[in-house]
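Q: In order, the protein sequences belong to chains A and B.
Mapping of the first sequence onto our numbering: residues 1 to 496, in sequence order.
Mapping of the second sequence onto our numbering: residues 1 to 496, in sequence order.
Here chain A is said to cover these stretches of chain B; the calculated rule only asks that three of the stretch's residues, wherever they fall, bring their Cβ under 8 Å from a Cβ of chain A:
no., segment
1, 123–135
2, 147–155
3, 217–223
4, 276–289
5, 447–461
Away from chain B, derived, C-beta distances all over 12 Å, residues of chain A:
no., residue
6, P40
7, V77
8, K108
9, L143
10, G353
11, K404
No wet-lab data here; the hints were simulated from the structure.
Bear in mind that the values here come from a model prediction, so they are computed numbers and not experimental data.
In this text, a Cβ means the ideal position worked out from N, Cα and C, and glycines have one as well.
Number of protein chains: 2
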Amino acid sequence: MRFLPTAARLGHSLNTRCIQNFAYSTLAPPIVETLQNPPPSNSLITVNGHIKSLRYSKNVGFIDISDGSSSKTLNVVFLSPDKVLERNRFKVGQSLSVTGRWIESRGKQAYEVQYNLDNPEHQIKIMGDVPEDYPIQKKTHSLQFLRTLPTLRHRTSTLASILRFRSKVESHLTDFFNHNHFVKVTPPLITSSDCEGAGEQFQVESLKKVSSKGDEFFGKPANLTVSTQLHLEVLAQSLNRVWTLTPCFRAEDSNTNRHLSEFWMLEVEVCYIDRLQQLTALTEAMVRHVVKAMRSDKASFFDLTEARFNKDEAARINERWETVLSPEAWPSMTYSEAVEIINKVKCKGRSKGRMEWGDSISTEQEKWLAGEYFKSPVFVTDYPAEQKPFYMPPSSEGVLVSGKPTVSCFDLIMPDIGELVGGSMRQSDHNKLLEEMKRREMNTAEIDWYLSTRLNGSVPHGGFGMGFERLIAYLGAMENIKDVTAFPRASGLCEC
Amino acid sequence: MRFLPTAARLGHSLNTRCIQNFAYSTLAPPIVETLQNPPPSNSLITVNGHIKSLRYSKNVGFIDISDGSSSKTLNVVFLSPDKVLERNRFKVGQSLSVTGRWIESRGKQAYEVQYNLDNPEHQIKIMGDVPEDYPIQKKTHSLQFLRTLPTLRHRTSTLASILRFRSKVESHLTDFFNHNHFVKVTPPLITSSDCEGAGEQFQVESLKKVSSKGDEFFGKPANLTVSTQLHLEVLAQSLNRVWTLTPCFRAEDSNTNRHLSEFWMLEVEVCYIDRLQQLTALTEAMVRHVVKAMRSDKASFFDLTEARFNKDEAARINERWETVLSPEAWPSMTYSEAVEIINKVKCKGRSKGRMEWGDSISTEQEKWLAGEYFKSPVFVTDYPAEQKPFYMPPSSEGVLVSGKPTVSCFDLIMPDIGELVGGSMRQSDHNKLLEEMKRREMNTAEIDWYLSTRLNGSVPHGGFGMGFERLIAYLGAMENIKDVTAFPRASGLCEC
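Please put together the full structure from these sequences, using the hints given.
A: And the structure:
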């Protein structure tokens, strides 16, 4: 005889219908679900969440409840506010569970929950109290102030909506790559190679010494990756089209609103391509897809814009999305042409800001080019070889500026923020790659494994990387990248 | 006058129709796409990929091409194999680009590409050569041997199919959580806390000393996370339901087929729950959803099973998926009941293997319980408090074994592999949590930020974690976790 499982005794049973629709019914519905599929009028309903705001009139009290599932709140109306005890019990920030009557509302919101102290079926319970100085109040808080509250700041509608937005954007990217036959892979974060060679790596070592392995856990020095590109190239040559969305780490000693020491990077490698324009068109299609998908999801657009303290910010989101969705293909120009434009238009008649061929295009110049001159995202291609890493091949014929070596690469420059994506063709010829590494006096032994793929059925390929937080900050119209990531890390910043 | 963008000059234009269907037409279609939407018979087609196998008869030669987009290959038939030059040029592993005639085939495959040396439109080009000793040949290689070839092993159909499977499973999980209103978040990997307190952490420090910040880059010692749970709990209390799929790191000095130093963990936290059964039912719904979705995607099922060298392995995949999809809800029992079953049935009349209450259930015992006794995934709940971390609250009333403290937690045990998921309710009462930490002589100051959420509108919640590689290994019937991750990391193992 089989032992009777506890499941049966405790009434644990699986609702198969629900699995088919992905829905899972034993959890209390979050506010977003209740508003999407409202229960019948006058039915008894339980709502959980934090008190967002409170107000009382003589005969009636109002509590706005938010549960983080939406920027929409649910209004609880309670009918005995004159009882002093009742009145003083509630504070903004408390977590509450209210059982009351679900009714169509005469107020701004379509529905409300009526709580009647005299109805024995109605219940109101404070699940978690707050201290008198609970810092998140109804008034507008500056994002700078909120950054000092890492564990509480996502209780504000703005920062919660940004995390929900980020989650949705990742989903849309997943759809885009799935439909284009890309395989999502997970290159390692701990590596013995330095992809960029910039020395801005974090070293990793076991806290406990592992005696059997000598001094080092991995038997050699190991670092956190600054870019997964080299590993991704290897995987692309086996799987054709690959992408990843993965943490990367840079020990830059800069505490700006554009940099993090730990950030998420979307990286793509694609095989069997022979023109840079195949990569720029793929990049454009990807960004357009995300915005188009977000735009057509009205509830999500509302969730993001309605959550903002400031109406100007909602307008800016709208404007940026329109810019991305321009009916014209985004302009593309070479680095040399970009320098020409900057000198001819931006610096007309002035010596200040004029560029020599070979100078880096500054972030300010990038913002001018995309934001003011083209008023569009723009691709700048074929930069001077000396500005770029060893793995980029020379520009295609016809692009080369005589006597000045450029490489087959591109940056995608966005209005307001500058560089969003950087990519290139990859040198797939072993001897040329080795020659370039030697010219740069690089240690070839360290990435012998990478070079070896060029000797074993090498295929032409290219790819790009996009800082995921930059995309979210741009599309969500947030100025500081620290406000689009849950617990940002930077030099001196590792609070918890 | 606006500067004429290069885009226009180079014919870079965006195919808007294609963006709407996510498709991106300027890339050459991969084999999976060509087979899904075959071109008209007799049309000219270009196929790219690696040579998988070669054979010649008197009048005709055959080359099987694989491009990593599918376990299916495309057969190129060429009509002048008697020309010695032609014959000796080709080797297994070379990357090839063939332009020829797309025709319906009389062979096993529905289509083939005919290449005719005498047709000037037909072309065959070796893009990348291989050395004479190229190791990936048509014969079956052991997975152990393939592990010695980290950059080439995914050219085999088995290992490539596992990475494609992994990518699909992640997509299905994304769908599941989206539809259930979970927000995907990215807790930090660099942290100053130790969630498990086991000391098995990697320490992180900048290679370049940052003089302005004193000795440490973050101003304090920083480690790689072993579990993102504590941060996830904080985010759940703002966003209601959260999940993440993120790398975690453990410096365990064990080189087994079940452990990695760097692995991906799926973690979930959900608020406003009051029973452990809400978590086990969510876990069951999640795993069932993935298998159901994979099962209904016939092409993916074929891709995974057809890629196996060994027919037994395909049967094992099928059997495991059937086990998950059992029409009965998975059995659930308490730890105490599990101990009773093990002693009553497995150890009947034997002293060896008998358990005392309080003993850990070994992996072997877990495999017996799920695989042999129940022949089903099983939940074991309410383990002894001493086996579990500080944040788990006591078991619900009625579950407590008199005098023996247990906590409200569960493990999901799978046949063949043992533990797949571990989860629990989380103690949401500040004083009780603090008391338990003091009882365990823990440093409370270090996670003060975590404790503080219990004072600021604390809500009842719980969650679980699942080793992603273990799920893939189980559902993909791979024995060694190192074969389901691209570049595995373990003690002494950090090849590239």
